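Using the sequences and the hints given, assemble the complete structure.
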Amino acid sequence: MRPDFEKGNGLVPAIVQDYQTKQVLMLAYVNEEAYERMLKTKETYYYSRSRGELWHKGETSGHFQYIKGMYLDCDEDTLLIYVEQIGAACHTGCYSCFFNEVLPYHFSQNIFHDLYDVIADRHVHPIEKSYTNYLLDQGVDKICKKVGEEASETIIAAKNNDKEELIGEISDLFYHTFVLMFQQGIQVEDIEKKLSERHQIAGNKKDFHQRGEY
Numbered sequence: 194m195r196p197d198f199e200k201g202n203g204l205v206p207a208i209v210q211d212y213q214t215k216q217v218l219m220l221a222y223v224n225e226e227a228y229e230r231m232l233k234t235k236e237t238y239y240y241s242r243s244r245g246e247l248w249h250k251g252e253t254s255g256h257f258q259y260i261k262g263m264y265l266d267c268d269e270d271t272l273l274i275y276v277e278q279i280g281a282a283c284h285t286g287c288y289s290c291f292f293n294e295v296l297p298y299h300f301s302q303n304i305f306h307d308l309y310d311v312i313a314d315r316h317v318h319p320i321e322k323s324y325t326n327y328l329l330d331q332g333v334d335k336i337c338k339k340v341g342e343e344a345s346e347t348i349i350a351a352k353n354n355d356k357e358e359l360i361g362e363i364s365d366l367f368y369h370t371f372v373l374m375f376q377q378g379i380q381v382e383d384i385e386k387k388l389s390e391r392h393q394i395a396g397n398k399k400d401f402h403q404r405g406e407y
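Mapping of the sequence shown onto this note's numbering: residues 194 to 407, in sequence order.
The hints are simulated quantities; they were obtained by calculation from the structure and are not laboratory data.
The model shown is predicted, which means the values in this text are computed figures rather than measured ones.
Every residue, glycine too, gets a C-beta built ideally from N, C-alpha and C.
Hints should not be assumed to be uniformly reliable.
Claimed, not checked - The calculated label-pair distances, taken between Cβ atoms and stated as ranges, are: (1) G332 / F292: 29 to 39 Å; (2) N293 / A344: 40 to 50 Å; (3) C283 / A344: 35 to 45 Å; (4) K322 / L273: 31 to 41 Å; (5) G201 / A344: 13 to 23 Å; (6) G262 / F198: 14 to 24 Å; (7) F291 / D197: 20 to 30 Å; (8) F291 / D266: 35 to 45 Å; (9) E382 / Q331: 24 to 34 Å; (10) G341 / D268: 43 to 53 Å; (11) M194 / S389: 22 to 32 Å; (12) L232 / D268: 12 to 22 Å; (13) I304 / V217: 14 to 24 Å; (14) L265 / F367: 28 to 38 Å.
Following this line, the structure appears as structure tokens:
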């Protein structure tokens, strides 16, 4: 399966996303030569419409993009490329080219993915006095200690029958667990997949009791 380059006079747009956070990094254009080079090297190549030439992302800046996955849309005329971004994607030095706010984004349909994305972004863009950066710098022992402390505090809040306190402690436990997940290279999707597998098993009560699921 190949992009239909004829539709766009030899070019197809490519949406580029961070393979871990799924953050949209940039939009570029790809011709057939760039496409072939990407398949061969697993690094991104684009076609500059302004300069009229091929360019290898990172060749001059050192901000390479290592391809982790590539998909075509339903019409086979747009590429979606998942990359490991080294440094910044944008020529301005910003991690993503999409930083100019037109309409503010407030509502989240999946706070867990957003929380994980924030943790991942702190790793790429450290912030002074950031608690997340502090935990990541300290490493697994410190993170595990905090997970244990928050689990204990969650239990105490439950025993105290204090709903508001319990909500706060569960939220803290989730946050520290997500930091541990990121530090260990576990994605939210990994947990979703495992829970989905267990949910399917749980459809047969006799089976899941025997197998110890839920």
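Next item on the list: With 24 to 34 Å as the target window, see if E382 and Q331 comply at their CB atoms.
Entry: Given range 24 to 34 Å: holds, Cβ gap about 26 Å.
Check: Is the gap between the beta carbons of F291 and D266 within 35 to 45 Å?
Finding: violated (19 Å)
Note to self: The hint says 12 to 22 Å between L232 and D268; measuring C-beta to C-beta, is that right?
What the structure shows: holds (20 Å)
Margin query: Range first: 20 to 30 Å. Now tell me if the beta carbons of F291 and D197 are that far apart.
Written below: holds (26 Å)
Check: That 14 to 24 Å hint for I304 and V217 (C-beta), does it hold up?
Finding: holds (19 Å)
Margin query: A range of 29 to 39 Å was offered for this pair. Does it hold for the Cβ distance of G332 and F292?
Written below: The hint (29 to 39 Å, Cβ to Cβ) holds, given that G332 and F292 are roughly 31 Å apart.
Margin query: 28 to 38 Å was suggested as the range; check whether the CB atoms of L265 and F367 agree with it.
Written below: holds (36 Å)
Checklist line | Whether the CB-CB distance between C283 and A344 falls inside 35 to 45 Å | finding: holds (40 Å)
Check: Measuring from beta carbon to beta carbon, are M194 and S389 in 22 to 32 Å?
Finding: holds (27 Å)
Next item on the list: Determine whether the Cβ-Cβ distance between G341 and D268 falls within the hinted range of 43 to 53 Å.
Entry: Given about 51 Å between the Cβ atoms, the range holds.
Check: Is 40 to 50 Å a correct range for the gap between the Cβ atoms of N293 and A344?
Finding: Given about 42 Å between the Cβ atoms, the range holds.
Item checked: Range hint 13 to 23 Å (beta carbons of G201 and A344) holds or violated -> Between G201 and A344, where Cβ atoms are some 54 Å apart, the hint is violated.
Checked against the numbered hints above, the structure breaks hints 5 and 8 and satisfies the rest.
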